[in-house]
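*Asks:* Using the hints provided, position chain B relative to the given structure of chain A.
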Amino acid sequence: GAGVSQTPSNKVTEKGKYVELRCDPISGHTALYWYRQSLGQGPEFLIYFQGTGAADDSGLPNDRFFAVRPEGSVSTLKIQRTERGDSAVYLCASSLNPGEETQYFGPGTRLLVL
Amino acid sequence: QKEVEQNSGPLSVPEGAIASLNCTYSDRGSQSFFWYRQYSGKSPELIMFIYSNGDKEDGRFTAQLNKASQYVSLLIRDSQPSDSATYLCAVNSYGQNFVFGPGTRLSVLP
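Protein chains in written order, with the working numbering: chain A, 1 to 114; chain B, 1001 to 1110.
Because the hints were derived from the structure by calculation, they are not lab data. Source: prediction; values computed, not measured. Treat the hints with care, since some could be wrong.
Residues on chain A that point at chain B, a partial pick, calculated with CB under 10 Å [said to hold, decoys possible]:
id: 1; residue: Val4
id: 2; residue: Tyr35
id: 3; residue: Gly42
id: 4; residue: Glu44
id: 5; residue: Phe45
id: 6; residue: Leu46
id: 7; residue: Ile47
id: 8; residue: Ala55
id: 9; residue: Ser58
id: 10; residue: Gly59
id: 11; residue: Val89
id: 12; residue: Leu91
id: 13; residue: Ala93
id: 14; residue: Thr102
Built from N, CA and C at the ideal position, the CB exists for glycine as well.
Okay, chain A solo, but in the shape it has when bound (with noise of 0.2 Å):
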């Protein structure tokens, strides 16, 4: 079956700017998480949500950063006013349950704030 999908593949914006960016997860999977990984680091664990519900956002790194997954699958990213610090490439990853299962990560998305 297919695997993680995110859009858009790259995004480009301008500092101020809102960004949008979408995860759809393997069918199935409850558990969905979103990382953020710059240049020469690990993922960095931004949220994670069981179902419908943001399991834990402690991860966010302040309030420009929401995320949401209304239906438990399809799950959107948000961040307002962006900075350059933002910049990095934004990976989702899904399990079937949390925690113990292994997780399957998508292609990521590329955001250059300018």
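*Replies:* Then chain B, alone, in the frame of chain A:
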């Protein structure tokens, strides 16, 4: 704060040799341990996971876990140039988020 540490490398080994990648973690309550491979410009892909102390083998890969020492390692036997990538160690507990290390760059020289 939960931390996962890895040597950033690069770790260079000749083709055919054994590559040994190491990872330590701070949260003694961690239950699951994962190794991911990430090629440049690509997303991480799972190599293997381990839950119990000891060794777990899968083809050319062996994961080793020592919970008392809070240490997990990955051995790659008969290293190939195609194994050249960044190897990420990740740790979690059930129902909690994954914590990734910074990754170790491995270079296998022909």
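*Asks:* Report the numbers of all earlier hints that the structure fails to satisfy, in ascending order.
*Replies:* none
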